[in-house]
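Those protein sequence lines, which keep their order, are chains A and B. Per the numbering used here, the very first residue in the first sequence carries number 16; after that it's consecutive. Per the numbering used here, the very first residue in the second sequence carries number 16; after that it's consecutive.
Hints should not be assumed to be uniformly reliable.
Because identical chains cannot be distinguished in the list, a pair is counted as satisfied if it fits within a single copy or across any two copies.
Said to hold, decoys possible - Lysine-lysine pairs mimicking BS3-like chemistry, simulated, CA-CA at most 25 angstroms apart:
(1) 267 to 315
(2) 222 to 336
(3) 147 to 108
(4) 328 to 198
(5) 227 to 127
(6) 243 to 123
(7) 227 to 267
(8) 336 to 108
(9) 336 to 370
(10) 328 to 267
(11) 147 to 198
Derived from the structure by calculation, the hints contain no laboratory data.
Protein chains: 2
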Amino acid sequence: MSKIHNFSAGPAILPQVAIDNSIEALKDFAETGLSLITVSHRAKEFVAVMDQAVANAKELFGIGDDYDVIFIQGGASTQFCMVPFNLLPINGKAAYLNTGTWATNAIKEAEKLGNVEVVASSEESNFNFIPKNYSIPNDAAYFHITTNNTIYGTELHEDLDVNVPLIADMSSDIYSRPVDVSKYDLIYAGAQKNIGPAGTTMVIVKKGILGKTGRNIPTMLNYETHIKKESMFNTPPVFPIFVVNETFKWLKSIGGVEEIYKLNKAKAQLLYNEIDNNPLFKGTAAVEDRSIMNVTFVLKNDSLDADFLDYCKNANISGIKGHRSVGGFRASLYNALPIESVQALVDVMQAFSQKFG
Amino acid sequence: MSKIHNFSAGPAILPQVAIDNSIEALKDFAETGLSLITVSHRAKEFVAVMDQAVANAKELFGIGDDYDVIFIQGGASTQFCMVPFNLLPINGKAAYLNTGTWATNAIKEAEKLGNVEVVASSEESNFNFIPKNYSIPNDAAYFHITTNNTIYGTELHEDLDVNVPLIADMSSDIYSRPVDVSKYDLIYAGAQKNIGPAGTTMVIVKKGILGKTGRNIPTMLNYETHIKKESMFNTPPVFPIFVVNETFKWLKSIGGVEEIYKLNKAKAQLLYNEIDNNPLFKGTAAVEDRSIMNVTFVLKNDSLDADFLDYCKNANISGIKGHRSVGGFRASLYNALPIESVQALVDVMQAFSQKFG
Chain A
16 MSKIHNFSAG
26 PAILPQVAID
36 NSIEALKDFA
46 ETGLSLITVS
56 HRAKEFVAVM
66 DQAVANAKEL
76 FGIGDDYDVI
86 FIQGGASTQF
96 CMVPFNLLPI
106 NGKAAYLNTG
116 TWATNAIKEA
126 EKLGNVEVVA
136 SSEESNFNFI
146 PKNYSIPNDA
156 AYFHITTNNT
166 IYGTELHEDL
176 DVNVPLIADM
186 SSDIYSRPVD
196 VSKYDLIYAG
206 AQKNIGPAGT
216 TMVIVKKGIL
226 GKTGRNIPTM
236 LNYETHIKKE
246 SMFNTPPVFP
256 IFVVNETFKW
266 LKSIGGVEEI
276 YKLNKAKAQL
286 LYNEIDNNPL
296 FKGTAAVEDR
306 SIMNVTFVLK
316 NDSLDADFLD
326 YCKNANISGI
336 KGHRSVGGFR
346 ASLYNALPIE
356 SVQALVDVMQ
366 AFSQKFG
Chain B
16 MSKIHNFSAG
26 PAILPQVAID
36 NSIEALKDFA
46 ETGLSLITVS
56 HRAKEFVAVM
66 DQAVANAKEL
76 FGIGDDYDVI
86 FIQGGASTQF
96 CMVPFNLLPI
106 NGKAAYLNTG
116 TWATNAIKEA
126 EKLGNVEVVA
136 SSEESNFNFI
146 PKNYSIPNDA
156 AYFHITTNNT
166 IYGTELHEDL
176 DVNVPLIADM
186 SSDIYSRPVD
196 VSKYDLIYAG
206 AQKNIGPAGT
216 TMVIVKKGIL
226 GKTGRNIPTM
236 LNYETHIKKE
246 SMFNTPPVFP
256 IFVVNETFKW
266 LKSIGGVEEI
276 YKLNKAKAQL
286 LYNEIDNNPL
296 FKGTAAVEDR
306 SIMNVTFVLK
316 NDSLDADFLD
326 YCKNANISGI
336 KGHRSVGGFR
346 ASLYNALPIE
356 SVQALVDVMQ
366 AFSQKFG
């Protein structure tokens with residue numbers, strides 16, 4: 016079978032070695048004679064996987080002992096309510112930056128629990144840029160950002176310096192570049208883009224920030240529950256966490272976030288260059304805020320959309336259709352996507368341009 | 016390698032065909048040329064898996080159109096708070112039966128949200144029986160039971176007829192016997208015993224019961240969120256749900272719950288007979304409440320415990336140690352465990368008895 020170029024926005028391409036090792040573990044996990052998905056999560060062999068996943072998560076970002084790392088369930092959508100449950104005091108205020116659909120959902124959940132101030136929003140321009148000049152109230156319990164906006168193709172390219180504790184949804188760009196974690200109180204990410212399959216969510220929590228809201232938090236929504244039990248309060252999602260750890264091992268093996276950042280920038284530059292130079296296409300995000308993870312673009316003549324999708328399909332390019340809420344095209348260039356796949360897409364865009372240009 | 020007899024309490028043994036088919040799907044999912052864990056959850060091939068899982072869940076239990084079936088995340092522990100969030104009105108009252116550790120946890124979560132009446136408890140006798148004579152207040156919004164108590168080896172053997180809506184945690188015995196779902200308003204089960212790997216939770220919800228509590232429910236804790244979006248409000252745990260569907264297909268192929276119930280009873284009878292007839296052992300649960308899923312027993316002389324575990328290990332018997340909170344031994348006989356494994360355990364008990372009796 017021909018190789019597929021997988022540009023899916025998530026669940027998304029993963030390193031082949033992570034998939035291969037997961038298959039081996041389904042056959043015989045750590046020489047237990049049992050499949051990975053039929054052993055107790057309290058077996059020492061799986062506890063070792065969990066411990067390794069946490070250690071690798073910390074090592075890849077240079078996270079010290081002043082942070083806890085947990086792997087839980089529920090996706091970033093559950094984090095949208097866990098953050099205010101754990102960090103927004105009753106009668107307190109939280110500040111949010113609205114940069115897209117997921118940020119909007121995070122805001123809605125926080126509003127269910129308290130006073131929310133949206134300090135800036137790019138909604139009126141269909142979220143095609145990241146707002147820059149805004150002030151955050153000093154009495155905000157925290158400031159919540161979405162570092163990469165999967166649907167709109169915009170990204171915050173550096174760690175912000177702000178006047179209140181910073182919380183980040185990094186679901187779609189975590190481990191794509193070096194991050195100074197010390198600037199954040201809390202970072203969360205659904206696994207299914209850069210770090211693994213769907214089914215687990217990683218949370219990095221600064222020590223000492225919990226237990227101060229005065230809220231009666233449901234046990235499973237309380238970060239302290241999972242921190243105290245090292246992500247084993249209840250049965251963890253064994254298989255997704257195994258694959259996350261294999262993905263971390265792969266990332267370490269190729270040089271970690273410094274190296275992948277170079278590769279990610281090269282991949283994004285290759286594609287944005289083509290978008291900017293090809294007369295048929297144009298990008299949709301403000302140039303300075305363009306994401307290196309999700310490249311959004313359109314055909315200037317959208318009556319050619321179906322033809323372009325056919326060209327892509329014939330070249331084994333998959334997952335290129337834009338999100339149903341915005342249309343056009345989106346190429347997701349997550350860590351595991353090789354630059355050869357980006358070149359294949361560029362080749363198709365050039366061939367398409369020769370035919371229809 | 017020798018075959019391991021997997022008596023693990025959960026995550027637990029699964030049908031080999033489900034594991035084999037999962038491995039094939041990790042290599043190439045539904046002829047997409049992509050791995051199961053790298054395709055979009057909105058790809059038609061995965062939507063078909065989700066639809067099949069729901070259809071099979073309904074077919075196996077004879078569930079009609081008056082119920083919805085969803086697959087979500089968070090385990091039964093998250094259900095402990097979702098049930099009262101969705102079904103316990105503000106200022107209302109809920110009734111609970113306390114039959115073990117998980118029932119106790121469910122009660123604690125409900126108490127965070129409202130008025131809870133524990134109508135009966137077997138806690139004083141270390142949960143070794145299921146209370147029978149109790150009355151449920153007519154004004155209770157619902158009555159919550161745990162049909163099988165994994166740690167203590169007790170089980171409710173029939174569907175109760177009660178005077179208020181019935182809610183059941185069936186995490187450890189769902190699909191082990193025919194159930195008259197029409198007697199329940201809501202049934203939930205973590206997957207990692209009878210229906211799949213860890214990482215998804217199935218919920219069966221009677222139509223028309225939601226939206227009546229007056230509560231401001233976090234979006235992800237609201238059953239309506241997941242029902243409306245057919246378990247695709249956010250990215251579902253793709254791999255666990257795939258394996259659940261493969262497990263359902265296997266159960267259908269061997270004759271469904273009627274057939275597995277016969278086999279489960281035969282397996283349990285074989286082991287309980289040995290426990291009752293072997294002079295070294297005794298069961299811990301009241302005879303009439305003995306679980307057919309989790310058989311708990313002890314050595315009358317517990318100084319032999321380590322020797323017995325050695326015997327088991329030498330016979331490739333795995334996962335037989337009792338839960339750390341009760342000690343002794345526990346043999347979990349979930350659907351996928353073949354009767355040959357039970358016979359292997361019985362053989363070991365007999366050999367042990369000849370040596371140490």
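Hints versus structure:
1. 267 to 315: neither (41 angstroms within a copy, 52 angstroms between copies)
2. 222 to 336: neither (41 angstroms within a copy, 36 angstroms between copies)
3. 147 to 108: The answer is within: 21 angstroms in one copy meets 25 angstroms, while 50 angstroms across copies does not.
4. 328 to 198: neither (43 angstroms within a copy, 50 angstroms between copies)
5. 227 to 127: both (18 angstroms within a copy, 18 angstroms between copies)
6. 243 to 123: between (29 angstroms within a copy, 18 angstroms between copies)
7. 227 to 267: neither (36 angstroms within a copy, 51 angstroms between copies)
8. 336 to 108: So residue 336 and residue 108 fail the 25 angstroms test inside a copy (39 angstroms) and across (50 angstroms) alike.
9. 336 to 370: For residue 336 and residue 370, only the intra-copy Cα distance (20 angstroms) is at most 25 angstroms; the inter-copy one is 69 angstroms.
10. 328 to 267: This pair counts as neither: shortest intra-copy Cα distance 33 angstroms, inter-copy 37 angstroms.
11. 147 to 198: Only inside one copy: residue 147 and residue 198 sit 18 angstroms apart there, 57 angstroms across copies, limit 25 angstroms.
Of the numbered hints listed earlier, those contradicted by the structure are 1, 2, 4, 7, 8 and 10.
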